[in-house]
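Number of protein chains: 4
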Amino acid sequence: MSVIQRVIDRMKPGEDIGLDHVGQKGRQRSINPDGSYNLERKTGRLFGNFFLFNWLITTSWTHYSIVLVSVYLLSNIGFGSLYYLLGSENLYGIVGTSEFDKFMSCFFFSCQTFTTVGYGGLHPIGKVASSIAALEAFLGLMVFAVATGTLYGRFSRPKARLKYSSKVIIAPFKGKTSMQFIVANEMNTVYMEMEAKVNISWMEDEGNGKSVRRFQQVKLEIDKITMFPTSWTINHPIDEESALYGKTENDLQKMDIEIFVLLKGFDDTFSQTIYSRQSYTSEQFVWGAKFLRPFGVNSSGKLEMDLTKVGEYEKADIVHLV
Amino acid sequence: MSVIQRVIDRMKPGEDIGLDHVGQKGRQRSINPDGSYNLERKTGRLFGNFFLFNWLITTSWTHYSIVLVSVYLLSNIGFGSLYYLLGSENLYGIVGTSEFDKFMSCFFFSCQTFTTVGYGGLHPIGKVASSIAALEAFLGLMVFAVATGTLYGRFSRPKARLKYSSKVIIAPFKGKTSMQFIVANEMNTVYMEMEAKVNISWMEDEGNGKSVRRFQQVKLEIDKITMFPTSWTINHPIDEESALYGKTENDLQKMDIEIFVLLKGFDDTFSQTIYSRQSYTSEQFVWGAKFLRPFGVNSSGKLEMDLTKVGEYEKADIVHLV
Amino acid sequence: MSVIQRVIDRMKPGEDIGLDHVGQKGRQRSINPDGSYNLERKTGRLFGNFFLFNWLITTSWTHYSIVLVSVYLLSNIGFGSLYYLLGSENLYGIVGTSEFDKFMSCFFFSCQTFTTVGYGGLHPIGKVASSIAALEAFLGLMVFAVATGTLYGRFSRPKARLKYSSKVIIAPFKGKTSMQFIVANEMNTVYMEMEAKVNISWMEDEGNGKSVRRFQQVKLEIDKITMFPTSWTINHPIDEESALYGKTENDLQKMDIEIFVLLKGFDDTFSQTIYSRQSYTSEQFVWGAKFLRPFGVNSSGKLEMDLTKVGEYEKADIVHLV
Amino acid sequence: MSVIQRVIDRMKPGEDIGLDHVGQKGRQRSINPDGSYNLERKTGRLFGNFFLFNWLITTSWTHYSIVLVSVYLLSNIGFGSLYYLLGSENLYGIVGTSEFDKFMSCFFFSCQTFTTVGYGGLHPIGKVASSIAALEAFLGLMVFAVATGTLYGRFSRPKARLKYSSKVIIAPFKGKTSMQFIVANEMNTVYMEMEAKVNISWMEDEGNGKSVRRFQQVKLEIDKITMFPTSWTINHPIDEESALYGKTENDLQKMDIEIFVLLKGFDDTFSQTIYSRQSYTSEQFVWGAKFLRPFGVNSSGKLEMDLTKVGEYEKADIVHLV
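Chains as they are written, first to last, in this note's numbering: chain R, 4 to 325; chain W, 4 to 325; chain P, 4 to 325; chain D, 4 to 325.
These aren't lab readings, by the way, just hints derived from the structure by calculation.
Heads up, a few of these hints could be off.
Stated by the list, open to error - Restricting the straight-line Cα-Cα distance to at most 25 Å, the calculated cross-link-like pairs of lysine-lysine (BS3-like) are:
(1) P:257 to P:179
(2) P:177 to W:213
(3) D:227 to R:162
(4) W:162 to R:222
(5) W:45 to P:170
(6) W:200 to W:166
(7) R:227 to D:130
(8) R:200 to D:166
(9) D:162 to P:45
(10) W:213 to P:305
(11) W:213 to R:227
(12) W:222 to P:227
(13) P:227 to D:177
(14) D:213 to R:227
(15) D:213 to P:45
(16) R:227 to D:227
(17) D:222 to P:45
(18) R:257 to R:170
(19) P:213 to D:213
(20) D:130 to R:105
(21) R:170 to W:166
(22) R:162 to W:162
(23) W:200 to P:227
(24) W:213 to P:293
(25) D:213 to D:250
(26) R:45 to W:293
(27) W:45 to P:213
(28) D:177 to D:227
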């Protein structure tokens, strides 16, 4: 029975990583460096898979601010226009003789209503203007309710600020060889009960000119740590069962390797389970190297971690290649 | 020992799906297509099992908006009436000579107080009107506090937007037969660590003219996937232990089959565990078909999923019927 | 080896229910009917184990409303007094000649500032009054921020509305005897993946005039259900390993039995794990009875559950007493 | 095979506590008494690992209040200066003849706009002042939205208020010796499903003048309790596999022992998983002692816990030292 067969057998009826669709040549990488999925979705609907709140929570601060300011401006331009069209006899306090000045008075009255600041220097006269103002003040409060909720949502959503080494190294390890990368905690939060899952995928020749993508969840020296305050060198000892066993640097390029990393932990500042995804491709492999420790004890005896040093390595001989 | 007996034995002392009450003929389906439970609850209390917040969170946007607007209107009609009944000497700025105009002034004053816009063109005179206004402004703020909370609750509650195939197919699979349906992720969110549980329920003749409903949790080829970015074909290989083993299309109709699907996963945008429920009945079975893949790699090498194609199938011969 | 010894062995090094302190005679029941713990805590600190937010979230609506209204009233009495003491020349719009009327004007100005309604009919004159008003408006907004947060906290906190039968019955079950109680879901929410843990505690004579409290986690016929839409009869078959094996109704009284029930599930409306605690004492036992089913299929084929019938039972012979 | 070797073997491929960096002499303790991690992080970025919301949520109430008040004051000084620089003809209602008085009017107008109180005694004239005011009211509402969110975040974040005994005792236990400490629940909340993990770390001589830090996850008599209403004596029986086996009080000092405690539980008031960390060093060991029970049943039969007595102990002979 081949190693691959054993690997496949080991995966049944167990767990799949939901990635069998990446089994085609010439594809782009599956997971972007920022952890998002490199995928396009066609929905056949006008707004597709757009969900307002999810977008407001996950978009950049720049986009979010533009949306907030636009809603404020457009609402006031809209309501301002309504008051203006009603005629200046419906608002007390309109100043200016030009039409633009009158419109601006209406616009500012709208702002004062929407934000409920309501100085009163401008105020509605008559039932129609008063009704519109009553509606606008209500809508204004609703908009600020949504802003409050989305701001909280943005702030409180799970954040796993982890710094991954830019390279995967093939390193000497206890007289054998292992594949390693390093990940560091960038937050002051101590993540609890971290778990790592690492999958290797590669193209395999099926003999008839066709090749097929294979997957293997690899064994890790340590796949769980109770606390994650600093950094973690994730270490896959390359033993006989590993898909990397006996391979050369050259083989790796041909195999079109992609490494999928999934980390899971618990952020007890916010009582949230956090996930972090990463992928490495063949070009990110370094043969014969050793990561430098990014932390040490400083002169006052306090532990110190230097995040800028996470992923730094030095050359090392691999003692045992097969 | 019959297969059924073995199945029942296997379920003890294990897990039950909480559905033994569906064991009667002529019943409607247990789970509605939207995932809700087809059940009526009698409580013997006036408001029954009505819990305000749960309702405000789970009701449709239409109902929610109607409630919000109604609370606003009714509060202002109520407080407006109070000010009106007090007499117009208690409000500065009342205009109009007809009683209706005076009431409307009171109504608008109420709106300006409830939203705390308080222009001041209208303001209370005297201790009684001022006291009522002080109360109304307080209540208004409380109502907007509830609106803020319920809007956030509505937006942030767990959403599993999954698209299920409308059919369950009986398909060829590795030289044997399997039951399959497909489910796709409609969100940009990548759900993590999805698990599937599928139960079959059917009516069984007990011999004495009575029949009883039986349940079986069926084996799945893959019952867990680590990441769920695109779609998942859930596959029950029909082996000797399956309640479907050796059955014909006709048998299934007689057995009054219902398939219960429960999916569980983790939405790491909101750090929430999500569940999705679905049921299929005999009429949704298609014999001898194969699902088409709803995704592929497009010309630029990027993975693309077409949600409109989820559940599309083509005819296929079942190689092995028993 | 006695049954008890085996039971105790089975519990080691496993799980304890955190209740060994209830091992004294003459004690009150450990868990109140509302699921709270019957315990007094002495802290040696002035405010003891009082945490403001926890209290605001968990107290009754009556207490919560009283606190809110009191904060509003007392703040305005306080700030109103400050404005009054400053002198009426610091507020524009003070009316009335009596000192009480002047104070009331100050009080209403305070209300209008605290709620930010700010009509302006009353407004501050001079730097001192303006400064106090600027502070008050800021504090008012902070108070309403806390109100918004606590209202949301109250509404969104996990609620397991379960109705327990008022009795535990000793019932015939598959030709043997079992201990049963019933629990029903009062919400429209379908709780997912419910688990039950039932512990029996009893006093045992140690022979030397002393007696000691023992605990046993009992075996349940079904201890997990996947979905909990309606009701669940929790069933402990009294076999040789059970502490109740061979006991009579009279024995139970002497043993000072208390049954501890812990249910755990998942409310997927709010993505929250919910727990429910209950305890039963000897007086709540009924010998020889059978629970009636609280649900059925109505004339239109729809499942119907009657919550008022949960816990109703009829007399039944126990076939097998030992 | 030495005990240590067996211990290390037992930890593979299992769990690591993420603390191998503490393996240096002369270091400070790893976990501060308040449960935080004694670690310094260098990031090479200007704001380092500073995340605004995390800081606003986790900082002290004093710092939080200072930030809130500063934002309010500085915003109003800023906007007030803008209005002042525009000139007094742009604000209606400016009083005073000195420049300082005019600035203060502008400052108070700013406060009235920022809080949306908007009395109107002061109000903007002209397009420039009105535009700035429209912006300020909008920003003011955003600031209060952030305040609402952060207040809620502060209140609702997981709190494990546990009181640990200040000492670890080496106590007689069932005719042998055990290491014990006690932890009590300070809240009225009953924590559910508590789990304890205890690791011992010590320096070990490697023979060549170098010493290395070792870790052992120790066996506990009870490592899980279902409910945690009162207190829990965490008990490590010192058997042959324990790193403490056969050690004397003197040995412990030389070994530079540090005990790491991790407790995990579930707070069902807020549906949050909570963690609590603690460490003990050699100086906190007491040889030959027994903890006193911090609870009892009072005269009315009600259970009573005295938190001030948690950790009190009396001298006791250790029956069995090896």
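Hint-by-hint comparison with the structure:
1. Of the supplied pair hints, the one linking residue 257 (chain P) and residue 179 (chain P) holds, its CA atoms being roughly 24 Å apart against a limit of 25 Å.
2. Straight-line distance between C-alpha atoms of residue 177 (chain P) and residue 213 (chain W) comes to about 20 Å, which keeps the hinted pair within the 25 Å bound.
3. For the given pair, residue 227 (chain D) sits about 30 Å from residue 162 (chain R) by alpha-carbon distance, which is inconsistent with the 25 Å threshold.
4. Of the pairs offered as hints, the one joining residue 162 (chain W) and residue 222 (chain R) is violated, with about 34 Å between alpha carbons and a cut-off of 25 Å exceeded.
5. Distance check on the hinted pair: residue 45 (chain W) and residue 170 (chain P) sit about 21 Å apart at the alpha-carbon level, within 25 Å; holds.
6. In summary, the hint linking residue 200 (chain W) to residue 166 (chain W) is supported, as the alpha carbons are separated by about 17 Å, within the 25 Å threshold.
7. With a C-alpha separation of about 62 Å, the suggested pairing of residue 227 (chain R) with residue 130 (chain D) is violated against the 25 Å cut-off.
8. Distance check on the hinted pair: residue 200 (chain R) and residue 166 (chain D) sit about 36 Å apart at the alpha-carbon level, beyond 25 Å; violated.
9. Restraint check for residue 162 (chain D) and residue 45 (chain P): satisfied, since their Cα atoms lie roughly 20 Å apart, inside the 25 Å limit.
10. Among the hinted pairs, residue 213 (chain W) with residue 305 (chain P) is consistent with the structure: their alpha-carbon atoms are about 21 Å apart, no more than 25 Å.
11. A distance of roughly 54 Å separates the Cα atoms of residue 213 (chain W) and residue 227 (chain R); the hinted pair therefore is violated under the 25 Å criterion.
12. With a C-alpha separation of about 19 Å, the suggested pairing of residue 222 (chain W) with residue 227 (chain P) holds against the 25 Å cut-off.
13. Distance check on the hinted pair: residue 227 (chain P) and residue 177 (chain D) sit about 36 Å apart at the alpha-carbon level, beyond 25 Å; violated.
14. Straight-line distance between C-alpha atoms of residue 213 (chain D) and residue 227 (chain R) comes to about 29 Å, which puts the hinted pair past the 25 Å bound.
15. Restraint check for residue 213 (chain D) and residue 45 (chain P): the C-alpha separation of about 50 Å exceeds 25 Å, so the hint is violated.
16. Among the hinted pairs, residue 227 (chain R) with residue 227 (chain D) is consistent with the structure: their alpha-carbon atoms are about 20 Å apart, no more than 25 Å.
17. Proximity of residue 222 (chain D) to residue 45 (chain P) is assessed by CA-CA distance (about 32 Å); at most 25 Å being required, the pair is judged violated.
18. For the suggested pair residue 257 (chain R) and residue 170 (chain R), the alpha carbons sit about 19 Å apart, so the restraint of at most 25 Å is met.
19. Simply put, residue 213 (chain P) and residue 213 (chain D) have alpha-carbon atoms about 57 Å apart, too far for the 25 Å limit, and the pair is violated.
20. Restraint check for residue 130 (chain D) and residue 105 (chain R): satisfied, since their Cα atoms lie roughly 11 Å apart, inside the 25 Å limit.
21. Restraint check: the Cα-Cα separation between residue 170 (chain R) and residue 166 (chain W) comes to about 38 Å, which exceeds 25 Å; the hinted pair is violated.
22. Restraint check: the Cα-Cα separation between residue 162 (chain R) and residue 162 (chain W) comes to about 20 Å, which is no more than 25 Å; the hinted pair holds.
23. Straight-line distance between C-alpha atoms of residue 200 (chain W) and residue 227 (chain P) comes to about 14 Å, which keeps the hinted pair within the 25 Å bound.
24. Taken as a hint, the residue 213 (chain W) and residue 293 (chain P) pair is honoured in the structure, with Cα atoms around 23 Å apart against an allowance of 25 Å.
25. Restraint check: the Cα-Cα separation between residue 213 (chain D) and residue 250 (chain D) comes to about 21 Å, which is no more than 25 Å; the hinted pair holds.
26. Among the hinted pairs, residue 45 (chain R) with residue 293 (chain W) is consistent with the structure: their alpha-carbon atoms are about 22 Å apart, no more than 25 Å.
27. Taking the CA atoms of residue 45 (chain W) and residue 213 (chain P), the gap is about 50 Å. The hint is violated against a cut of 25 Å.
28. At most 25 Å may separate the alpha-carbon atoms for a hinted pair to count; residue 177 (chain D) and residue 227 (chain D) meet this at roughly 20 Å.
Taken one by one, the earlier hints fail for this structure at numbers 3, 4, 7, 8, 11, 13, 14, 15, 17, 19, 21 and 27, listed in ascending order.
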